[in-house]
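4 protein chains.
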Amino acid sequence: MSELTPPDIAHLGPIELLTPRPQESVEFFTEMMGMEVVHRAGQSVYLRGWDDYQIWSLKLTESPQAGMGYCGFRTWSPEALERRVALIEQAGLGRGWEEQGDFGVGRAYAFDDPDGHRFKLYSEVERYEKRVVTDFKNVHGKQPNRAIAVKRFDHLNILAGDIRAQRDFAVGTLGYREYERIELDDGTLGGSWMSVTIAAHELIYTKDAFAPQGAHGRLHHAAFWVDTREECLRAADIWIENEVYVEFAPSKHNVAQGFFLYGYEPGGNRIEVTSGGRLVYAPDEPCVVWTQADRAKGQAWHNQTVQTFHTYGTPPFEPA
Amino acid sequence: MSELTPPDIAHLGPIELLTPRPQESVEFFTEMMGMEVVHRAGQSVYLRGWDDYQIWSLKLTESPQAGMGYCGFRTWSPEALERRVALIEQAGLGRGWEEQGDFGVGRAYAFDDPDGHRFKLYSEVERYEKRVVTDFKNVHGKQPNRAIAVKRFDHLNILAGDIRAQRDFAVGTLGYREYERIELDDGTLGGSWMSVTIAAHELIYTKDAFAPQGAHGRLHHAAFWVDTREECLRAADIWIENEVYVEFAPSKHNVAQGFFLYGYEPGGNRIEVTSGGRLVYAPDEPCVVWTQADRAKGQAWHNQTVQTFHTYGTPPFEPA
Amino acid sequence: MSELTPPDIAHLGPIELLTPRPQESVEFFTEMMGMEVVHRAGQSVYLRGWDDYQIWSLKLTESPQAGMGYCGFRTWSPEALERRVALIEQAGLGRGWEEQGDFGVGRAYAFDDPDGHRFKLYSEVERYEKRVVTDFKNVHGKQPNRAIAVKRFDHLNILAGDIRAQRDFAVGTLGYREYERIELDDGTLGGSWMSVTIAAHELIYTKDAFAPQGAHGRLHHAAFWVDTREECLRAADIWIENEVYVEFAPSKHNVAQGFFLYGYEPGGNRIEVTSGGRLVYAPDEPCVVWTQADRAKGQAWHNQTVQTFHTYGTPPFEPA
Amino acid sequence: MSELTPPDIAHLGPIELLTPRPQESVEFFTEMMGMEVVHRAGQSVYLRGWDDYQIWSLKLTESPQAGMGYCGFRTWSPEALERRVALIEQAGLGRGWEEQGDFGVGRAYAFDDPDGHRFKLYSEVERYEKRVVTDFKNVHGKQPNRAIAVKRFDHLNILAGDIRAQRDFAVGTLGYREYERIELDDGTLGGSWMSVTIAAHELIYTKDAFAPQGAHGRLHHAAFWVDTREECLRAADIWIENEVYVEFAPSKHNVAQGFFLYGYEPGGNRIEVTSGGRLVYAPDEPCVVWTQADRAKGQAWHNQTVQTFHTYGTPPFEPA
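Residue numbers (my numbering), protein chains in the order written: chain A, 3 to 322; chain B, 3 to 322; chain C, 3 to 322; chain D, 3 to 322.
Chain A with its partners taken away, still in its complex shape:
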C-alpha cells in the first residue's frame, strides 16, 4: 500500500453560475447574501464573500439557462497542478490549458468530469487587497453591514448519473478523500461526500433523478458559508421577507452534519446558506456508509426531506 499523503488540491472554487436573469441574480447575491461586486466583464459579474482571500469566488454569467458554468480547484503548487493534469489527461477527460483561467486566476487546465460538468485546475491566483484595515487584521475583507454575512463559497453539490464513476474520478484522478457515501439497495451509490481538507464536505455528487432520461452535467446546489446557525435562521427570515423562494427551511443534515437553508436564486439555481459541519482530523478516517434505510429517515432530527430536493437541478430538465 502506498503512503497516505494529504491531497494535491488545496480547496475548491471559485465557481461560475449561469443565469437567465443576471440583474436579479446579482441583486440577490448582493442584497440577500451580503456579497460584493468586484468586477464586470462581458456578460459576467464577479462577486466575493467578505472573507474570500481571492479577488472573487462567484461569477454570474448571463445565459439562456441556469446551471454551473465551471468550478475551479486550486492546487498546493505548480508541481501539484502538473501531477493532476497528467492524471486527467490519462483519464481522457482533459480539455486543455488556458493561459489565463479567468479574471484573477493564472494558467489553468480545463477538464470535464465523466458526467460532463466543467472544471478548471489552477495554482496561481491574485489575492484580494483589503482597502481599510481595522482591528480585524486577519480577515480578508470588511464584514458587510447589510444582508447576511456570507464569508465565502463553501462547497458544491452536483448531480450525476453514475455516482461511483464520479467518485472514482474525484478520488483517483483529482486526489479527493471520500468521507461519506450513500449505498442504495440496488448496489449503486446515491451520493458521495468528498473533501481535501478537514472540512466535512467540499465536493458532493448526488444522483440525478433524470439521468435515465438523459440529464447530465447538472447542478444540485452551490453552498455559501456563514459563521453561525443563527445566521442561517436570520437568512431564512430575510429571504421570506423579500420573496426569495425558500425550498427547505433551516435544519441540519445527518450526512456531514451541516446546518442548512435552501432556496433558489432568481436565475433558478439552488443556493445553500450553510454553517457548521463535521471536521475530519484522522488521516485514515474510514468512509461513513449510509444505507437506503438510513436516508429514508430524512435529515437530522427526523426532518422529512422536501420532495423537490430529490429532483430539481439546473439546468432544469424537461423529460421529452
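Note: identical chains are not told apart, hence a pair may lie in one copy or across any two.
DSS-like, lysine-lysine: derived pairs with alpha carbons at most 30 angstroms apart: (1) Lys299 to Lys209; (2) Lys144 to Lys132; (3) Lys299 to Lys144; (4) Lys139 to Lys209; (5) Lys132 to Lys299.
Think of the hints as simulated: they come from the structure by calculation, not from any bench.
The hints should help you fit chains B, C and D onto chain A, whose structure is shown.
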C-alpha cells in the same frame, strides 16, 4: 524555492496534563466539561470528548505540580513519522523511541522542544468503537446529556522564553505552518500561532513572563472544542454556578478569531472552552503580523485582557 | 366601552400531566429536560425547572392514560381570585373550592372549561428557597449541568371542539387577551393564542380533529422554556441520541413566532421545548388573524407541518 | 395592605435623544442599528426599529449637547393616564398637558422626575401601518436586510444623585415595580431596576458619580433590543469594522441578566444593544438586593466593569 506541500503532521493530541488534585480534576472534566473516563492506569486517568476519534484525548496524571506531561502529534503515515524523526534528531532534540507511546497509541518518538516541553510523535493509533449507533452515524461517540458538550481537545498554547526559536523548530523541523504572530517593539516575538490544517490554530507559543527568571517548559492553556459560541456562554454559567475559577469571561480573540472562555481546573491548569476561529484555505496564506500596539488594544471588541492571562502558567513559577 | 386594564391572572401553571409510564416519564423530565424532582406524594412526582419561582411547575401522576390532569392559573391577588371565581360560577363551570389546591399551592378554585379540561385558580403559593446562592442571586435555582436547561413550564396548547366557545370563556370569564387566531374558511376558528402578559402565548386552543367523533378534554402539548434557539437544537440532538420520539424537528412557528422542538415523552404526551416568541407591549394590540390559506403554507420559512401535529393528542382518541 | 394589581403604565417609550452631530447620529441608527427614518420635523428626525408597533420609537434632535430630550410612558387607558397625572401633580412634579405630545402621540402630560429628567405620559398613539404583508403577519414591519436587526427601543438607564428618591417616585407615583436594587455600604442605593411588565428592566436609575459636584438630569444609556445574543456579537463586529466607539464588549449583566454591548453613538450618547434578560412572572416577586461586595465582582462571569461605565453620561459633566 521548494514545492509547497501540505504538512506531514495530521493533527495535534492527545495531551497529558499533570495535577496535584487528580480526583477533583477528573470530576471537573467529567462533570463540568462533559468528558468521559475511558481508562485508568497507575496514577493516570484517560478521558475523551464525545467526538474524539481516538480512544482518548486527555490523560490526567497525579503529580506534585500542575503542568503539561506531554502532547502528541499524529503524522499522516509511518513514512512521514520517519521523515520528521530524522529532522528532530538532526536538531538534537530527540529523546528516543517508545514501543508503545501510550494507551491506545502505537510506536512513538519522544522529543523536547527548545524550551523543554515534552512531545511524542506517532502514526499508529487505536480508534474508539462506538457502542450504540444512532441516527448520527458519522460522530465518534454519543453527545453527553450532562455538562457541556466538549467534542475534542482542540489546541495547545505553551509558554516559552524565545518564541522565535520555538517557531523555527515547529515550522522547520515539525513542518507546521505559521498563520499569525506578534512582533514586539524590541524585535522579539510575543507569540506564534501555527497549524497543520485549515483550522486557525493548533500549536501556539506565547512569551513566558518569567523566562528571564528561569521559567521554562510551562503550559499556558489547553483548549477544548464546543460547536457554538452559545455553548461557551453556557459553560461560563455552569462554571460560575459550580465555583470553577473563571479567569476570563467569554469573548473573542482578535488573533485567530476564536471565541473563548478561560478558567482553571482544580489542579491549577488553565483550560479554554473554544469555538469558531479563522479557517485558512490558501496554501500560500501570508502570516498575519500583529504589532505591540495592535495587541495593546486587548482582545476583540476592545475587551481588555485580564492581567493574569499574561503571567499565569503551570507549573506555577515562584521567582527566587 | 369599559376601561382597558391588565388581566387579573398573573400567569399560567403549574401543570399536572398524567402518564401510564410514570417512572420513564420522570426519567425523561430529569435526564432529558434537566428538571429536578422536589416532592413525591401518592402516585405523583413533582418537578421544577431551574428558574421556577414556585416549588414546582410539573406534576407527573400515574394514570391508565396520558393527558393533562389539570392546569393552574395564579391571580394577582386574593381579590382578583374572588372576582374570577364569581365569573366562573356565573358561567356555570365551577367545581368548587379546595382548601389546599396542591402541594405548595394555597386555597384553590377548581373549574372546567367548556370542552372539559380541568383548571384551578389560586392566589397563594409557596416559593422555592434556593439552598446555595452564587453570583446569580436573581435566579430561583441552580442551572443544571446535565441535560438541557429547562427554566420553567412556559405555555399550554389544548385541543377543543369549539374554539370560539373556549376563546370566549378564556377572554370573557378568565380575562385572557387574545393575540392571534386562525379563522377557517367555514367561519369556525382553527385556533386561538392567548396571554395575560407581554409573552406571545400562554394559553392556546387548537381544533381537535376528532371532536366530531366525540373527543374532548385532550391535550395538544405542554411547552417548556429554554433561553436560546441553540438550546432547542441541542435538545433535538440529545433526544435523538437517547431515542426520545421526535415528532417535529426544530423550526419556527409563524403564529406567535416561537422557536420549537416537539416530541413525545414516554407516557405519550407531546412536549415542546420552546424559546423566543413575539412580545406584545401595546395594551390595545389588535388580534392577528390567520386565514386557512395562510396556515396552508406551514410553519415559518415554508416548513411543512408534520401530519400527526394536526391529529395526535392525549389521551389518544380511538374512533369507535 | 391594599390589593396587588398590575401597573397603570403599559410600557416605556418612545425616547428623544439630543445630539450635537445629528446627521452622523441618524446615519449610526440607520446604517449600524438597522433602524428606519419615518419622519422629519424641524431639527428632529424620527426613527423606528423593525418591530415597533408605534410609528416611531426614537427621535433624534439637534442640540448643542448630547443627552435625553424626554422619554414617554404609555398607559393602559385614558383613565389610567388621569390617575397617574393626579399623583404626579400631588408630587409637585407636573409640567402640564400638551395637546399633541409629539408626532404620532396624542394628548400627553409632561413632568420631571426629582433629578430633573423630562418625561411624558400619554395614552393615545398612532400605530405603524405595514406597507407589505409577508408570511410574517404578526410583526409590525419588515426585518431589515442591512445592519443589525434592532426590533425596538427596549429600556432606559438614567443617572441620578438620590436613587432612593427616584425609585420612590417611580414606584409610588408612576406605579413601577422594583425588581432589583443595589444597596451600598453607606446605606444609599447604587441603582434600581424597575419594570411594568414581566421583562426584567425597563426603567433603571443608577448613581451619577458627579452628582456631588452638581450633575443632574443625565442619561446613562438607551438600550435597543435584538432577538439573540449572537446578534449582539454581530453588532460588535459591525461596530468595530465601522469605527463606532465600543466601550464595553459583549457580555452578560448579573443584574437583570441582560446580554449587552455598549458603545457611543456619534453624538456621544451611550447606546446598548441588548438581548435576553430575566422574566418576572410572580406578581409578588421580592426585590433582589445586591450589596456593594456583590457588585465589586463585576458583571457576569467575573467580567470586570469598564471604568468609564461608572462615570460617563450625557450631557458630559465637566466639574468646575
